[in-house]
Amino acid sequence: MQLKPDSRFSHHHFPHSKVYHALLVTGLLALPALAQAENAADEKIVVTATQTKHTTLSAPASVSVITRAELEKMSVNNVSDAIKKLPSININPSTSYGRNEIKIRGMRADYTLLLVNGRRINTQESLATDMGNDFDLSSIPMSAIERIEVIRGPMSSLYGADALGGVVNVILRQPGENVTGELGYNFQAPTEGSGGDHNRLNGYVSGPLVENTLLGSLIVDGGKRDAWRTEQSKNRNSDALEKRDNYSVLGNLTWLIDSQQSLDFDATYTKDDRFVDWNNSGATAHNTQKLDRLGLGLTHNGSWDNFDTRLRYYYENIDLMDNSELNKGIADITQNNQTVDGQISGYLGDHLLTGGGEYRITSLEHSMNLKNGKVDVNQSALFLQDEFKIADLALTFGGRVDHHEVYGTEFSPRAYATYSLTDNWVIKGGVNKAFKAPTLAQFTTGYTKAACRGQCYIVGNPDLKAETSISYELGTAYEAEHFGTGITLFNNDIKDMIQTNAVTRTYENVSKARVQGIETSFWVDVIEDLNWTTNWTVVDAEDRTTRKRLKQTPKNTVNTQLNWQALDNLSTYVSYQYTSNQFLRDKEAYKTRGFNTVDIGATYTPVKNVDLKLGVTNLTNEKRDYVATDIDYFLSGRTVYGGVSYKF
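Going letter by letter, the sequence shown gives residues 1 to 648 in the UniProt record's numbering.
It is possible that part of the hints are untrue.
Ranges of calculated distance between the beta carbons of each label pair, as one might list FRET restraints [as the list claims (entries may be wrong)]:
1. Asn199 with Thr560: 28 to 36 angstroms
2. Glu231 with Phe275: 36 to 44 angstroms
3. Thr422 with Asn178: 35 to 43 angstroms
4. Ile390 with Pro606: 52 to 60 angstroms
5. Lys328 with Arg68: 42 to 50 angstroms
6. Ala189 with Thr422: 43 to 51 angstroms
7. Thr560 with Ser194: 29 to 37 angstroms
8. Gln174 with Gln338: 44 to 52 angstroms
9. Thr422 with Val179: 21 to 29 angstroms
10. Ala502 with Gly373: 47 to 55 angstroms
11. Lys465 with Asn378: 41 to 49 angstroms
12. Ile427 with Thr284: 41 to 49 angstroms
13. Val205 with Thr560: 31 to 39 angstroms
Computed cross-link-like contacts, DSS-like style, restricted to lysine-lysine with a CA-CA straight-line distance of at most 30 angstroms [to be verified]:
14. Lys290 with Lys374
15. Lys608 with Lys548
16. Lys271 with Lys389
17. Lys495 with Lys548
18. Lys608 with Lys647
Hints were generated in silico from the structure; no laboratory data involved.
Backbone N, C-alpha and C fix where the C-beta goes; we use that ideal spot for every residue, glycine too.
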């Protein structure tokens, strides 16, 4: 089912083992019998796959959605917490600072493109380590989110560089014509180790400032988390989870010019301070990072007789003070991102055409790592997409031409087909080409980055080439009123992967990689008030040069959850997640065992507009094995969480 345009916004192998074949055959045989089931369930609408409206079933991509209602029942601090139980999603439970990264279908975390309302956000250039993704994930208050759309698979044909693994698009709450608001408090308290308590307050208000003319909204969100220490650490004076103080203020004004046009202005300010004492080869190293982020945006939306338009400008400024004993000094870093983009979408006969362009400038100043103090790069792009139907076959063809100031021109085409066997059952698949240009830090001569626990530095390499990939997927999905299931095969071949040379201490294009796998999922209303959801992802990720498994990529991930509406005003859940063995580093000695976690929780509405939630994550207090903890990869222990919210 396709909806109207949205005005806002070599030889390849699939997995061939017996497990893959068994899963595929089982899924395909089960679906015809189900095709006689009841009508489609409440449909979730997505826009990220095509920048036009689709249901999750009709969208020409593998897509999942987390709604506002689902978020309110979870224990979540950032976007990674919210999506960690979706198919093909792997969240590194911890790094040296206890920070999270999102990996999709076994691809590296920097192959995941993070968007907010379709606009990319990025602090990766400004961070002195490779763990910058967590600052972006944590910059979006949970109280500000309307829904999260996750695309599994490359999307460079629409969004350009960085989307080799997939896209996470966070859709924020928009001002409405009725006055609404919310106040909330949430807490988390680990029962294992010392410290780690996290308290968060948030407030939201939205409504008309001038009736039928000017709408506004304001969100304030702030939190304080103590550092967490665990007995599993070799160095008892080091933190497994960093201390964090942060707050965000988001404001939005919408001017309803007339029945066809609107003008949106939004402003965001985030302050994020982090402090950690961490294990540095038996010694304790201290690190302080204080980040200030300002975002401004202006968007014109038009909904005309035969087409929709959007034109926008957005600006992002990141100031970071990095006081790390690894760097042996204080670094002052400033990153600026400026983007102008526009698009038009409408029907030409039976063809829904979407086209547009983008111009982006990124600049970076670094008082310590850049010899010349400042570097910048500009990129421009044009894209075109065509959606049309031939009987029950929906076809999507698209392509984007990106011009990078340093790396020249890249063309990213995409073709996708969705065949509707019934209103509820589809078969779909496609092929994509994607690319990722090196970052400013990677290609700039003289840029140095601390590594080897402060004992060495990685130097930028101006001779790097862009990383490219060709990806395929083929699957089938079924959605009815009380049941849904799906199975998808995927294959990604990556060329010119950028890695660090341990001898020359610089970046180089050395690797080819193949990441292939299968993802399965189903949900069923067991009885009227009991729902069961499960997904299982199998990933085979291999460095084609060394024939070794890619690090930090578990072969199997399983999620299953029971949701019980015990009373009209009481909902409960219990969930289980299994993450299989993986290599934390490239050597065989760093192969770590799998682990299991169990979460439970409940949401209770004692009176109208008041919600209480209480639960426990990692109920069994699961711990990672010695291979992981020996190099400071920890799993957060049993944690009690709770919260209260009042809506008006």
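Checklist entry - If you draw a straight line from the CA of lysine 608 to the CA of lysine 548, is it 30 angstroms or shorter? => result 57 angstroms, violated
Checklist entry - Given the proposed pairing of lysine 271 with lysine 389, does the C-alpha separation stay at or below 30 angstroms? => result 48 angstroms, violated
Next on the checklist: I want to verify a distance hint. Is the separation of the beta carbons of glutamate 231 and phenylalanine 275 within 36 to 44 angstroms?
Outcome noted: 21 angstroms, violated
Next on the checklist: Tell me if the beta carbons of asparagine 199 and threonine 560 are separated by a distance inside 28 to 36 angstroms.
Outcome noted: 31 angstroms, holds
Next on the checklist: Quick check on a hinted range of 42 to 50 angstroms for lysine 328 and arginine 68, using CB atoms only.
Outcome noted: Holds, at about 46 angstroms.
Item to check | CB-CB spacing for asparagine 378 and lysine 465 relative to the 41 to 49 angstroms hint | outcome: 19 angstroms, violated
Checklist entry - Per the hint of 41 to 49 angstroms, is the separation of the Cβ atoms of isoleucine 427 and threonine 284 within bounds? => result 56 angstroms, violated
Checklist entry - CB of threonine 560 to CB of serine 194, is that within 29 to 37 angstroms? => result Holds, since threonine 560 and serine 194 (Cβ atoms, about 32 angstroms apart) stay within the stated range.
Next on the checklist: Just to be careful, I want the Cα atoms of lysine 495 and lysine 548 compared with a cutoff of 30 angstroms; is the pair within it?
Outcome noted: 16 angstroms, holds
Item to check | Verdict for glutamine 174, glutamine 338 (Cβ pair) under range 44 to 52 angstroms | outcome: Given range 44 to 52 angstroms: violated, Cβ gap about 24 angstroms.
Next on the checklist: Looking only at beta-carbon atoms, does the pair valine 205, threonine 560 fall within the given range of 31 to 39 angstroms?
Outcome noted: 38 angstroms, holds
Checklist entry - Honestly, do threonine 422 and valine 179 meet the 21 to 29 angstroms range at C-beta? => result 43 angstroms, violated
Checked against the numbered hints given earlier, this structure breaks hints 2, 8, 9, 10, 11, 12, 15 and 16; the rest are met.
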